[in-house]
Each structure stands twice: as C-alpha cells, then as structure tokens.
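In the order they appear, the protein sequences are chains R and X. Residue numbering for the first sequence follows this note's numbering, beginning at 1 and increasing consecutively. Residue numbering for the second sequence follows this note's numbering, beginning at 1 and increasing consecutively.
Derived by calculation from the structure, the hints in this document are not laboratory data. These numbers were taken from a predicted model, which means no experiment stands behind them.
Listing some non-contacts, in silico: residues in chain X with all C-beta distances to chain R over 10 Å:
no. : residue
1   : F23
2   : F26
3   : V71
4   : V109
5   : D178
6   : F204
7   : N207
8   : V245
9   : G249
In silico SDA-like pairs for lysine to any residue, Cα to Cα no more than 20 Å straight-line:
no. : chain 1 : residue 1 : chain 2 : residue 2
10  : R       : K143      : X       : I312
11  : X       : K228      : R       : S89
12  : R       : K143      : X       : G234
13  : R       : K143      : X       : V311
14  : X       : K228      : R       : C111
15  : R       : K178      : X       : P314
16  : R       : K143      : X       : R238
17  : R       : K113      : X       : T227
18  : X       : K228      : R       : A90
19  : X       : K228      : R       : R117
20  : X       : K99       : X       : G181
21  : R       : K113      : X       : D216
22  : R       : K113      : X       : L213
23  : X       : K228      : R       : A87
24  : R       : K613      : R       : R593
25  : R       : K143      : X       : T227
26  : X       : K58       : X       : E47
If you want the ones that stay clear, here's a sample from chain X, every Cβ over 12 Å from chain R, calculated:
no. : residue
27  : I162
28  : P169
29  : M200
Ideal placement from N, C-alpha and C gives every residue a C-beta, glycine not left out.
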Amino acid sequence: MGRRDSPVSPAPVFCKLRKVRGMQECRMSGRMEDIMIRIEDLSVAFGDTEAVKHVNLELIDGEVLGVVGESGSGKSVTALTLMGLVADSAQVTSGRVLFDDVVLREAGKPCDKALYRQYQGARMSMVFQEPMTSLNPTQRVGKQVEEMLRLHTELRGEDRKQKVLEAFRSVGLREVEKVYSCYPHQLSGGMRQRVMIAMAVILHPRLIVADEPTTALDVTIQNQIIELLREINQKQNNAMLFITHDLNLARRLCNRIAVMKDGEVVELGETEEIFQNPREAYTKRLIEAVPSRVKRRRNAAAESGMGEPAGSGPDGKIPAGGEAAEKAGTEQEECAVQGWNTGREQGAGLERSAGQEKSAGLQECAVQGYRKPILRVRNLSVYYKDGDNSLFSRRKKQCVVFGAEFELYPGESLGLVGESGCGKTSLSKAILGMNREVEGEIVHTTLRPQMIFQDPYSSLNPTKTIGWQLMEPLRARAALDQAFAMTREEMETAAYDMLHKVGMEDKYFHRKPSQLSGGQRQRVSIGQALITHPGMIVADEPVSALDVTIQAQIMELMQKLQQEMHLSYLFISHDINVVYRMCDRIMVMKDGRIIESGETEEIFNHPREAYTKMLLGA
Amino acid sequence: MKYFIKKLITLIMTLFLVSVAAFLAFQIIPGDVVTSILGTEATPEREEQLREELGLNKPPVERYFNWVTDVLRGDLGESYRFSKSMNEMMPVAELIGDKLPVTLWLAAVSLVLIIVIAIPLGVLWARSSSHFLDAVLGVVTQVSMAVPSFFLGILVTYLFGILLKFFAPGSYVSYQEDFGGFLKYLLFPALSIAIPKIAMTARFLRNSMLTELQADYVRTAYSKGCTKRRVMYGHVLRNAMMPVVTFLGMIIAEIVAGSIVIEQVFGLPGIGRLLISSISTRDFPVVEILILYITFVVIFVYFLVDILYRVIDPRISEV
Numbered sequence: 001m002g003r004r005d006s007p008v009s010p011a012p013v014f015c016k017l018r019k020v021r022g023m024q025e026c027r028m029s030g031r032m033e034d035i036m037i038r039i040e041d042l043s044v045a046f047g048d049t050e051a052v053k054h055v056n057l058e059l060i061d062g063e064v065l066g067v068v069g070e071s072g073s074g075k076s077v078t079a080l081t082l083m084g085l086v087a088d089s090a091q092v093t094s095g096r097v098l099f100d101d102v103v104l105r106e107a108g109k110p111c112d113k114a115l116y117r118q119y120q121g122a123r124m125s126m127v128f129q130e131p132m133t134s135l136n137p138t139q140r141v142g143k144q145v146e147e148m149l150r151l152h153t154e155l156r157g158e159d160r161k162q163k164v165l166e167a168f169r170s171v172g173l174r175e176v177e178k179v180y181s182c183y184p185h186q187l188s189g190g191m192r193q194r195v196m197i198a199m200a201v202i203l204h205p206r207l208i209v210a211d212e213p214t215t216a217l218d219v220t221i222q223n224q225i226i227e228l229l230r231e232i233n234q235k236q237n238n239a240m241l242f243i244t245h246d247l248n249l250a251r252r253l254c255n256r257i258a259v260m261k262d263g264e265v266v267e268l269g270e271t272e273e274i275f276q277n278p279r280e281a282y283t284k285r286l287i288e289a290v291p292s293r294v295k296r297r298r299n300a301a302a303e304s305g306m307g308e309p310a311g312s313g314p315d316g317k318i319p320a321g322g323e324a325a326e327k328a329g330t331e332q333e334e335c336a337v338q339g340w341n342t343g344r345e346q347g348a349g350l351e352r353s354a355g356q357e358k359s360a361g362l363q364e365c366a367v368q369g370y371r372k373p374i375l376r377v378r379n380l381s382v383y384y385k386d387g388d389n390s391l392f393s394r395r396k397k398q399c400v401v402f403g404a405e406f407e408l409y410p411g412e413s414l415g416l417v418g419e420s421g422c423g424k425t426s427l428s429k430a431i432l433g434m435n436r437e438v439e440g441e442i443v444h445t446t447l448r449p450q451m452i453f454q455d456p457y458s459s460l461n462p463t464k465t466i467g468w469q470l471m472e473p474l475r476a477r478a479a480l481d482q483a484f485a486m487t488r489e490e491m492e493t494a495a496y497d498m499l500h501k502v503g504m505e506d507k508y509f510h511r512k513p514s515q516l517s518g519g520q521r522q523r524v525s526i527g528q529a530l531i532t533h534p535g536m537i538v539a540d541e542p543v544s545a546l547d548v549t550i551q552a553q554i555m556e557l558m559q560k561l562q563q564e565m566h567l568s569y570l571f572i573s574h575d576i577n578v579v580y581r582m583c584d585r586i587m588v589m590k591d592g593r594i595i596e597s598g599e600t601e602e603i604f605n606h607p608r609e610a611y612t613k614m615l616l617g618a
Numbered sequence: 001m002k003y004f005i006k007k008l009i010t011l012i013m014t015l016f017l018v019s020v021a022a023f024l025a026f027q028i029i030p031g032d033v034v035t036s037i038l039g040t041e042a043t044p045e046r047e048e049q050l051r052e053e054l055g056l057n058k059p060p061v062e063r064y065f066n067w068v069t070d071v072l073r074g075d076l077g078e079s080y081r082f083s084k085s086m087n088e089m090m091p092v093a094e095l096i097g098d099k100l101p102v103t104l105w106l107a108a109v110s111l112v113l114i115i116v117i118a119i120p121l122g123v124l125w126a127r128s129s130s131h132f133l134d135a136v137l138g139v140v141t142q143v144s145m146a147v148p149s150f151f152l153g154i155l156v157t158y159l160f161g162i163l164l165k166f167f168a169p170g171s172y173v174s175y176q177e178d179f180g181g182f183l184k185y186l187l188f189p190a191l192s193i194a195i196p197k198i199a200m201t202a203r204f205l206r207n208s209m210l211t212e213l214q215a216d217y218v219r220t221a222y223s224k225g226c227t228k229r230r231v232m233y234g235h236v237l238r239n240a241m242m243p244v245v246t247f248l249g250m251i252i253a254e255i256v257a258g259s260i261v262i263e264q265v266f267g268l269p270g271i272g273r274l275l276i277s278s279i280s281t282r283d284f285p286v287v288e289i290l291i292l293y294i295t296f297v298v299i300f301v302y303f304l305v306d307i308l309y310r311v312i313d314p315r316i317s318e319v
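With the rest of the complex left out, here is chain R:
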C-alpha cells in the first residue's frame, strides 16, 4: 500500500506533495531544496552539562542516516530531542529542529507537546533498543499497536484490527491473530522487535528513528531485523535515522554516517567515504576498535613467540594422551602447584618479585607443552529445576545441556559461542559449581574457578568501596579454609596490587562503583576474579555491555593478564568477532549441545555445520 492511502489526516502544514526520488539521487544530493528534517546548531543541556553541542543534521526522504557513537556521545539525546521525547529536565540551549520547515523545537522555548503529538507516531515514529521493556508488559501487543490508529485515525473496531494484522504481516510475523492477543512476554525478542517495528510503520511515517534496534538481539535475529528495516525503507521510501554504536551495522544500512563524540558531530559523510578515508582520528580509532575478522587476531601467545596457541595441535585437534603429553603432564602438574603457591604469596603481598620470577618460569614451562587440561568435562548434562517452590508439585527437571565434552588447557582461551538460551550460561554455572543439578564429570585442577560477569553495572555491590570488593574474595576464601587467612594489611596490599594490574590508580580504592565508568567497573570485576589467582576464569560476555573502544581496551587487558598470570579463559560470547579476537579454540553451542569445536582459524575458514556458517555469516 502506498503512502497516499495513509489514513493520517494531513495537517495544514503538509500541503506539498512528496517527491519520490531514486536512492542514487538521494545519495548524490547532500542538500536538496526540500529537506525534511533539519537539525540546526542544536545544543541540549542537562543542568550545566551539555549533552549535545551545536549539532547540524539534515535528512531527506528515503535516506538512511546513521548516527554512530559511543555511550554518552549524545546520539540518543539528539534523537530524543528530535522526537520530542527528551526529558523535561533537558534544555535546548541553542539551535532548532525543523520538520518540513515547521519549527518543532527552538532554543529558549519550552517543548510544545501538543504540536509534537501531531507528529509523534503519525509522521515520525521510533523503534527502541529493548523490545521487552519498550512494550507495556500488561497490555496485549495488538492493543498497543492499535493505539497508534486510535490516536491518529478515524478507523473503528474491526477495521482497526484488520489494519494491525496487516501491519503484523508486513513485518514478517506469522499467525498474526495469535500474536495480536499475546502479551509481550509471550513473544521472543525478535518477534517483539517486529511488533515494535509494526507499530512504528503502521501509519507510514516519513521518518523512522531507530535507536539501537538490534543491540539487545541475537546475531541471527539482528540480521533479520536489519533486513526488515532495509526492506521497509525501500518499500515505503521513508527516511531513517539509525542510531548505533556498531559501525559494521551502520555500514550495511546507511547512506550517510554521522560520527558523534562528546555531543559533537565530528565527522559526517557518505558511508563508504567514511570507511575508506576517515578524516578524524576518532573515527579511525572507532573503525579500528571494531573487532573484525579481516584483521589479524592479536594473540597473546603468538606475540610472545609461543608459537601454536595453547592446547591445540597443528591439525586443530587436541592431542590427548601420548607419550610426550604424559611427560609434559608431570611437568605441568608441578607447574600448577607452583602456580598456586605463587598465587598465594602474591596475594599476600609477600615476595612479589619472587612471584614474578616464578610466573616467568611458568611461561617457560607453558611453552614446553601443556597437555594436561586444567579443566576436563566429560559427558556433562546440566539440568535446571522449575522455579515453583511448592510443597505439592514435584519440581520438573529440565535438561539444558546435553552431554558436553571438552577440555581447557592452561594458558588457553576457549570460546563458547551460541545464541541466548542455548545453554552456554548453564554450562558455565555448572563448571563453577553454582548449579549442582548435573550429571557427568567436571574435573578442574584449580581450586576455585572465578567468573567475570557481563554487566559491570549490576554485578558490583553499589554500597561498598572498590577496595572492599577486591578483598572480598580473599575473605571468602579465608572463611572456607584457614590456610588462606590473611591479615588486613596483606589483603589491602593484594588489593592495591590488583588495582595496578588491571590498570587503575590507587585513588579508586576508596571509591564506590557509581563513581566509575563502565570500563573501569569491568576492570574491577576482572580484578575481583583474579585476586585469588584462580588460574582459570569463566568470562560470561565480559565486554558485550561496553562501548567498542572500551571493549578493545578490556580485551587487551584480558590478553595481557592471561600472559602475565598464565590464565585459562572460558570465554562466553554471542559476538563472533569478539570471540575471534580473544580465543584460541571455539566451541559452537546450539540447543544445549556442542555442535562444533575446533581451532579458531579452522572454524572461521572451514565451518562444518550449517548453523556455524549462519552464525559466521551474521
């Protein structure tokens, strides 16, 4: 259906007909006489801090403009100001926002909400990041989409419903009648985002603002949603403001890209132009920070001249048994024990220099061959009991991981890849002993593997200082085993030591998590995991909550520490590029089973399973 059929009653300001232009022309013409959206010299401030500084952006019909930047760059505030959704506490301190020459927002004037309501939904709509929380949890999704029609059209009852169903079909939802009467929680993430998009496009608005619409989704779903947005853009010829932190995504979808940093647009241009010849240093950094398969993987082992990545033979298989391995095994055992002692002493802040010597020795030991796994998992099935804690109903046991088998070798990074719900977190919890509903065998030579969690914002106790949190694992260990008892001074030294190790200054010792940035918090999380010198770390999506440049720093830190402390990582991620950069070997997990595993290069270059190919293609 064309836009002319759109049921929106045109407001007087919309007399002129829209010209439908070819895509090519759009790209060619940075400036046309009838620009739809004009953001002129826009500055937005919250109190004294300016979130957006003198931003100029223009959009014409049919164009997709990407706004790329890290969190805090002002990209979302710009979009929300354009949409009239920015918080009341925000003040427009300079410039104005125009839609077809109508001033929507101007510096020094309060937001005209009545005027905006004519535009919101009907002429410009928004797709948000989190499809779960962006839909009202207590209303059926059909009703929520229908509200658009209720607000902006004269349609009644059955007509309205039919139009909603039609919109559902147009965004690729199936069984639309059923979806119509579902609540958001009954739909999958991808379906919810489709519902959100249906809501955004149902009135055929001329502008769609998409604020990180795929960030919360699995890779394969991400692709589908991007394709859907592209398709809608081509069919309906609406303009789109695509906000993302992911340069690769922007590259795939956008005609032009604006790079934002600290509230300013630092670079603006045609997409390929930006990628081929970035003018600004920041843009270059941003492009480089994106983990990409094209770039050589920076491998800690390779850099230090250790040759083959730990634990994997040249043919990508793990050599198990064998004479040489056995010999090396005994040696390694010693190493492991030594490693432990080293760890303890280091933790106690004693003989630190000696500790360093030893860890150097350890590396040598590592080079000579480590064939004895630090972790061996045999035929492991993990169950999870239904939450209903009732007297009467027998708890149902559900199997979430089926017969997992793998080994993790000292000094190695093993990637565990899969989409949400595939059982990767359940598997890691079983290894850490946080889920005891298991069958099979888990043997690890380290005392207590530690974990790095995904969300540094919620995984640190907000009421305690960083120093306290760093010392907590030491206290916990001492409580379990008197042999590890340490004095307060020893613990403090160890905590300061760890703070330096993760690249932070002394002054953070007495700070609370709220005073730290996301990257700093994740550094603390890493410090917390390492302070007991566990030898083995389970990292559950350790960088996926972070900005790209911070992501790169944290990955670097993890690689550095791996080398220094001879750590083994079990690295869980849904981001195939991150895994590529971090891991020596990869396991692909689907529906609770490990369907493919092998050396990183091998998997990337010659994936065997169709599913792996799909993940990689994503």
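Model the placement of chain X on the given structure of chain R, informed by the hints.
Coordinates of chain X only, in the frame set by chain R:
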C-alpha cells in the same frame, strides 16, 4: 483448577497448625479458667466439679481432638464466661455471629473509603508538576500516618460528632434495628481507620507510579503521541498497581481482624473488643475460634490478592 486445590490444601494445613498452636498456647500460659470463673474463694470441690463440667480434667490431646471434631461438626463450643440464660452458657458461634457483622461492615466501609480516595489521590499526586501540591500532600500524608489511631478517633469524634454534629457520639445503632443508621454511624469509625491507610496507599501508589514513569514503555507511549493523561491511566496505572495490591491486601487482613482501638473509642461491639476481653478472662473457646477466624481471613485475603495479581499482570503464570 489444580491451583485452587493447591491453595485449599495450604489453607487447611495452615489452619490445622494454627489450631494446634492456639490450643497449646493456652496450656502453657499461666492462669486458670476455673479460678477466673469462680474467683479465689471457691472450695476445691466446686472447682473440681467445674473442671469436670468443662472437660478440663481430661488429657490435653484428648481435649484437642474433641474440640477439633466438634468444630468440624459445626459446634464451636460454649463460652466459659457469657451465659445465655441461668443454666446455659452462651455458644461461641452465637457470640461471634453477633459481633462479626459489625467488624466486617466496618472493614468494608473503611476499604471502600481507602480505595475510592487513595487511588485517585495517588494518581493526581504522581501527575502533578506543582511543587506546592506536592509539598502539601507530602505533609498531610505524613501527619495522617503519624497520628496514633485512638487520637485520630477522638479527633474524628470531636470534629464530626461534636462540632459538625454529623453523628451523635456513643449513639451506636445495632444493625438488626436500623441498618441505615448503623452504616451512617460506621462511616466515622471507618474514616478513623481509613485516614492513615489512605495516606499510606496514596504515597505508595505515587511512588510506584513515579518508578513506572521511568520505564521504557512510557517513552514508547509518548512516542506514539499519547497525552500525559492517557499515559497515566492507560499505561502506567495498571503496572503501578502491583505493589499497591499487596499493600491493600495487608491492610484488609489487618482491618478484617478487628480494629481493637477504634472499636473501643466508638463503642462498637465488634470482634476486636471481644478478643481482648476474652483473652483477659481466659475464655479459651472464644479466643481459639477467633484465632482460627483471623488466620482464615488473612490467608483468604492473600489468596484473593494472588488472584488479583494474575489478573493485573499477565506475566505471572495463568491460573
């Protein structure tokens, strides 16, 4: 269906445990019924005779089972203290049956007042961008919550009874005689009960709504072009009601068990007063039944709250 059966079994088990506890408690606490009925001057023979009449000479386990089977058959026993006529004691069922409607009606009127006033007030409060209204409501609710209920009862009596002459203090009309007059009289004690609860509920609802207003779906609603009013009533209120419903459940459970102080201040013959006097005179049959009643009410109200949860929030698994 399975859900209801489960709930029913929980209810029965709880009542059983409570009945054992109530029965045991009166075996342990000091004080003798016989002494409290006959006074300290009675002869040992007379005391022994009364013990036999009341069945107190049998072992506790036997007495418990006799009592439970009687209760299950519908015979709630007889009061030790109140007599119906010269040689007949007052049955507990009759005693409570007389006073229960007073308490229940008082609770009902209070509850209606709370819901009808607190919910619009809470929404208004959350919506208001006026600092003045915000400050006024803040102080008023703070004061209402802080004032002790007996004092509030006295204030209400003074203001509506003596100054405004809306009702005559102390002129309680029994519901059997004049139901209209009875309800009219109840309005004022109900108000005394309701005022602090209204303040709490309104405050609670306001805070809950302010939290909900930060939610992403509110922004979505605005992005569609909804007015603030529509966002408030159409989207936020239902989500914000979840914690408020729990709170209302607690309030209901509290007032249905009888507001001892308010009944006393307004001279209402309700459960609360009966409970106090029965405990002090060791009228065990009455107290035990009252304990079972209160337990039942509390569990039942929570059951209703549970159902209401499922109605409000579809995310909680369907019944």
